[in-house]
Amino acid sequence: MVEYITRITMKVINREELDTNNLKKVGEIDVDCVRSFGHQLAERSERVAAMMERLAEKGFTFTANQDSVIAESTKIEAQAAKIYLLQEGFHDSEFQVYLEYTRKWGML
Amino acid sequence: MSQIEVAKKTKQEPEVGRWLKKEDSWAIIIALGLVILTTITFFTGGSKFFTTMAVAIPGWSNDAGKLAAGLGKSSLGLIYLYVFFTTVFGIGAKVLGFNIKQFIAGFTTLFVASILVTVLGSNTYIKEMQLETPLLALIIGLLFGNTVKLPEWLHQALRTEYYVKTGIILMGATLPFTIILKAGPAAITQALIVSVVTFGIIYFAATKLFGLDPRLGACLGAGGSICGVSGAIAIGGACRAEKQHVSIAISMVIIWAVAMIFLLPFWAKSLGLAPGIAGAWIGTSEFADAAGFAAAEAIGDERAVKTFTLMKVVGRDMFVGIWAFLVAILSVTVWEKKSAKDSERIDKKEIWNRFPKFIIGFFIASILTTIVISFLDQKAGAAYSKDIIGTLKTLRGWTFTWTFLCIGFTTRFRELTAVGWKPLAAFTLGVIVNVPLGYWLSNAVFASYWLSIK
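Protein chains in written order, with this note's numbering: chain L, 1 to 108; chain F, 1 to 454.
Hints listed in this document are in silico derivations from the structure and should not be mistaken for laboratory results. Here the structure is a predicted model, which is why all the values come from computation and not from measurement. In this text, a Cβ means the ideal position worked out from N, Cα and C, and glycines have one as well. Mixed in with the good hints, there may be bad ones.
Stated by the list, open to error - Under 8 Å between C-beta atoms, here's a sample of chain F residues computed to sit facing chain L:
| no. | residue |
| --- | --- |
| 1 | GLU242 |
| 2 | LEU330 |
| 3 | VAL334 |
| 4 | LYS337 |
| 5 | LYS338 |
| 6 | ALA340 |
| 7 | ASP342 |
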């Protein structure tokens, strides 16, 4: 009756998590702030890449937008994908699952 | 080579391309396009094409000659109607990815069937049997759909949602925006009461009484309280329900929605309800838009269709996104036993993503025609109402007839029965509360609002 697409958004640049406050203050920036930001970014990128590797094993395909990588599958149900990522050692805060159902054809 | 490289990469489509791949978008383009075109031609003097296309089959009894003469007079209009809608629906179908040849063949069959049904529905004897065109279309569709194996090419054109959404937007054009604003608060309040109570009962019965998965409970609750199949699909997506959960909820919605198409108008007429109140009751207690329009049209009074639309579209459908957002939060916190801090973040965009976009078309259509009328003097306003609003109303009628035939053709009772007794029982408990509650709210609490809609 329905078809679905499971979408997992993994933010490479998560503005809520990254400490970018110091970068925004004109004139008050120091080397440590920039280096710390770089470390956070590298760490986040590595985690996203690792998630992509795990999801690729399940047949997910990938696209990207400005700050995120989006994994998509029409074969793996959303909750199963979430459980899989958690079992692989990732955390709820590292991704967002979006599941979209559509009617197969002509349904009421 | 890494696994990522091995995985197939897809290029993201541009925003407009993705927008055009949605049924809602094409319903908006077609219906709003029609409203704009007819309005322009009203001022430029070229509205003859559209007024001719707005064919209304005259009533007849046993005088076949009179019927033949009426049909003969309408033949050019029927050709225009067929060519216009085959073209616009066909373009949409092509972009949506349907098989265009099969779609045209299927739509042609549907069009011919709609003429036959409308002719039958215009017969005074059949009307006396309380079989209005919507019910007749549904019965004929159900008969064929459940007894004959329909060819594959016909299925391409059996797009209930495509036609009903186009019809709903056209409905918007015939509803002054002032009426929407006036009845909006009543519709929203009534819908909120019914939705919360019905969702709560179905969810509670499913999870606590029958021990079903909370995700299934939410899909059933949404299907029975918010907006039928669309509700079940939106909430199923939001709470990451399994495909099976959504399918069960859809089956429940279809079974009860089809039953209510017959029951609600019958009860409303038996209880002697005013059309406005009957429409509001149907808008509160029917489960799906398309089915609801069939029931409201069966009342046989435009006021019933208006109050139904206000109640269902403005009161209920509009809030799917908010429901989805709330259920999504519930699913990642309560159901997964996690605090808000530790749980997966739910993006507020969820509200917009799940919002049924055709409703925007409905509002725009209403605002457009209301503005046009407000700028015209009394005489020109009356002419616009007669020629343009009248035409849109008739065309809306045709889109609904195609909708009702599609409901019948696509509803297979055999396929809907394998859901188990527990979901059925939970959903039915909701129906038992929803129907009398909807009646009481429409006929007592908010009666004055619904009676004031002319």
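**Asked** Can you name, in rising order, the numbers of the hints this structure does not satisfy?
**Response** Per hint list: 2, 3, 4 and 6 violated.
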